[in-house]
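**Q** With the sequences and hints as input, model every part of the structure.
Protein chains: 2
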Amino acid sequence: MGIIAAIDLGGTAIKGALFDGTGPLTKKNHPTEAKKGYGHVLQNIDQLIQRMADNKGIKVDEIRSVGVGVPAFMAEQGRRVVLAPNLGWSDVDFASDLAEQMQKPVFCNNDANLAALGEHWQGNGKDIENLLMVTIGTGIGSGLILNGELYQGKSGMAVEVGHMVIMAEGSHRCSCGRQGCVEALTAAPAIVREAKKLMDVPTDCLPDVNITEAKQVYQAAASGDKRALQVVEKAAYFLGVALANILNFYELDVIIIGGGVAQAGDILLNPLRRTVARETVFFQRRPTEILPGMLGNDAGVFGAARWAALGEAKKRG
Amino acid sequence: MGIIAAIDLGGTAIKGALFDGTGPLTKKNHPTEAKKGYGHVLQNIDQLIQRMADNKGIKVDEIRSVGVGVPAFMAEQGRRVVLAPNLGWSDVDFASDLAEQMQKPVFCNNDANLAALGEHWQGNGKDIENLLMVTIGTGIGSGLILNGELYQGKSGMAVEVGHMVIMAEGSHRCSCGRQGCVEALTAAPAIVREAKKLMDVPTDCLPDVNITEAKQVYQAAASGDKRALQVVEKAAYFLGVALANILNFYELDVIIIGGGVAQAGDILLNPLRRTVARETVFFQRRPTEILPGMLGNDAGVFGAARWAALGEAKKRG
Numbered sequence: 003m004g005i006i007a008a009i010d011l012g013g014t015a016i017k018g019a020l021f022d023g024t025g026p027l028t029k030k031n032h033p034t035e036a037k038k039g040y041g042h043v044l045q046n047i048d049q050l051i052q053r054m055a056d057n058k059g060i061k062v063d064e065i066r067s068v069g070v071g072v073p074a075f076m077a078e079q080g081r082r083v084v085l086a087p088n089l090g091w092s093d094v095d096f097a098s099d100l101a102e103q104m105q106k107p108v109f110c111n112n113d114a115n116l117a118a119l120g121e122h123w124q125g126n127g128k129d130i131e132n133l134l135m136v137t138i139g140t141g142i143g144s145g146l147i148l149n150g151e152l153y154q155g156k157s158g159m160a161v162e163v164g165h166m167v168i169m170a171e172g173s174h175r176c177s178c179g180r181q182g183c184v185e186a187l188t189a190a191p192a193i194v195r196e197a198k199k200l201m202d203v204p205t206d207c208l209p210d211v212n213i214t215e216a217k218q219v220y221q222a223a224a225s226g227d228k229r230a231l232q233v234v235e236k237a238a239y240f241l242g243v244a245l246a247n248i249l250n251f252y253e254l255d256v257i258i259i260g261g262g263v264a265q266a267g268d269i270l271l272n273p274l275r276r277t278v279a280r281e282t283v284f285f286q287r288r289p290t291e292i293l294p295g296m297l298g299n300d301a302g303v304f305g306a307a308r309w310a311a312l313g314e315a316k317k318r319g
Numbered sequence: 003m004g005i006i007a008a009i010d011l012g013g014t015a016i017k018g019a020l021f022d023g024t025g026p027l028t029k030k031n032h033p034t035e036a037k038k039g040y041g042h043v044l045q046n047i048d049q050l051i052q053r054m055a056d057n058k059g060i061k062v063d064e065i066r067s068v069g070v071g072v073p074a075f076m077a078e079q080g081r082r083v084v085l086a087p088n089l090g091w092s093d094v095d096f097a098s099d100l101a102e103q104m105q106k107p108v109f110c111n112n113d114a115n116l117a118a119l120g121e122h123w124q125g126n127g128k129d130i131e132n133l134l135m136v137t138i139g140t141g142i143g144s145g146l147i148l149n150g151e152l153y154q155g156k157s158g159m160a161v162e163v164g165h166m167v168i169m170a171e172g173s174h175r176c177s178c179g180r181q182g183c184v185e186a187l188t189a190a191p192a193i194v195r196e197a198k199k200l201m202d203v204p205t206d207c208l209p210d211v212n213i214t215e216a217k218q219v220y221q222a223a224a225s226g227d228k229r230a231l232q233v234v235e236k237a238a239y240f241l242g243v244a245l246a247n248i249l250n251f252y253e254l255d256v257i258i259i260g261g262g263v264a265q266a267g268d269i270l271l272n273p274l275r276r277t278v279a280r281e282t283v284f285f286q287r288r289p290t291e292i293l294p295g296m297l298g299n300d301a302g303v304f305g306a307a308r309w310a311a312l313g314e315a316k317k318r319g
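Top to bottom, those sequences are chains A and B.
So the number in our numbering is just where the residue sits in the first sequence, counting from 1, plus 2.
So the number in our numbering is just where the residue sits in the second sequence, counting from 1, plus 2.
Hint data in this document are derived by calculation from the structure and do not stem from the laboratory.
Just so you know, not all the hints are guaranteed correct.
Facing chain A, from chain B, some residues (calculated, C-beta under 10 Å) [to be verified]:
{"id": "1", "residue": "L85"}
{"id": "2", "residue": "A279"}
{"id": "3", "residue": "V283"}
{"id": "4", "residue": "F284"}
Not the full set, but computed from the structure, chain A residues with beta-carbon under 8 Å of chain B [to be verified]:
{"id": "5", "residue": "Y40"}
{"id": "6", "residue": "Y252"}
{"id": "7", "residue": "V256"}
Coverage of chain A stretches by chain B, computed from C-beta distances (three or more under 8 Å per stretch; other residues unrestricted) [as the list claims (entries may be wrong)]:
{"id": "8", "segment": "115 to 129"}
{"id": "9", "segment": "243 to 251"}
{"id": "10", "segment": "301 to 311"}
We put the CB at the ideal spot given by N, CA and C, even for glycine.
**A** Following this line, the structure appears as structure tokens:
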């Protein structure tokens, strides 16, 4: 596939990698600096690619195309950013603008879609025909591979598992405006919120009760704190209900859990597996494996590289 | 397509019609008599087809094939009945058994799938590429047409909108075993249950407060009873949340509401449209029309005829 620059654009950092046909040649990061404006972010991406090329003694001209995962609702098969709350962008022709900046073909898509594609290409979704990847961090992202291909719907909007309502009339308002979305019940801020309610008394396992990060709750659960375990199991229950709802619509071979919260591992995954098994018992024909991501934080750049390679191949026809 | 016998198999009645290429030639019903056993139901279907043929002066030999909608969870693209609670059947090779009884090709599918196919062929879904049909009665059935074709998933299990959980930890246990399914919140028994709670005082509009049927509640709502209206609007809200969840996954041109409860018309459909519009505002690219079914109770036989015609065409290759 020649050399491809793969970018995973985040709210605070831009992750980059150069790929040849076999895998990543080099990886580097650069601050996003979204507050300095849209044009500045484009320049930062340009600079990061330049630095990676310099680092490997490659001329930027040798880079055939650029793949970018964007934390955004996107339309037109990833060409258009409808809304990127963490970047402060709405309705921009990001792919065209970056292509002009770089003087190269640019292939963009939603970051969670590309994480799914990355795990499908080189991770725990390898050779799997039907898989869903759910990335859990501050928000919840998701990407769906159906029959071996990224599924995007007619207009190319991502499948947003995080904004499935599973608690109608639930009191928790989601960032999207709906009430009772999975994201508002399961993502990191929900873990912190629920933990604060329960874990207000110091214990041996958790002497510091100033909970500010979901990671603290997962660690406390792993070391046996029953209240933390209760919080984690509740989050797993809500996520499990949502995944069971999805398995009612799509028959999936594998569900991959990625993102920050997923590093909690079996403390989260085991109750999640139990809920999914229980909630699908009446309609599921065969079990769906629930696995952690294999590529960790690199799933996005792997997916971006793959998306650019697929985009090039499609262009060649 | 020659002459096709179309059957809509229900818990109490078997609806039948004979179709030629242009539409139904004749329609007749026969009691299901499910309690008399599986073989007896097969014979009743046979008899009904015989009676319809006699009625039109057609020899049964002239009927090329039989299409049947079954109120069941089905597998293997509709060949196998996994579970049909209203008939008391589980794990039967219904299509093969009926084919042997009739000495003709038999093409079966879930009844709601075939209602969707019927509306797509000759009803309010005509020329629509992507549509969902939801039939609301004692239970909730659903059928999905994607890119002009019935979508069944890999193993052929129906997409069961009714068993999407939208009220996790909700107190209402569904017949399927899950808690907080749309069906447990929106179908006819839920309407009656909620109405009984609110409407225990006689009023001018509703002197008889012995509510036994959802129809009474819809009629009371239509004549201005505020409590009945509240019950209907709540049901519409729950159904709307579920439909919005689905529109997050599939981009649909039209959603068709059919079945007994749907006869309530705009009293149900208007609040439903409002909820769907509100709950999809952040991700929907274009509006989805919500329409009542056009074929009423005949959607099932229309779909059964169409399914048999498609099955024959596929066999011919």
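**Q** So, for every hint listed, does it hold in this structure?
**A** Going through the hints against the structure:
1. L85: Holds. Min distance 8 Å.
2. A279: violated (12 Å)
3. V283: holds (7 Å)
4. F284: holds (5 Å)
5. Y40: violated (21 Å)
6. Y252: Holds - the Cβ of Y252 of chain A comes within 8 Å of chain B, reaching about 7 Å at its closest.
7. V256: Where the cut-off is 8 Å and the nearest Cβ of chain B is about 13 Å from V256 of chain A, the hint is violated.
8. 115 to 129: violated (count 0)
9. 243 to 251: Held - the segment 243 to 251 of chain A has 6 residues with a Cβ nearer than 8 Å to chain B, which meets the minimum of three.
10. 301 to 311: Check failed, 0 qualifying residues.
The earlier numbered hints that this structure contradicts are 2, 5, 7, 8, 10.
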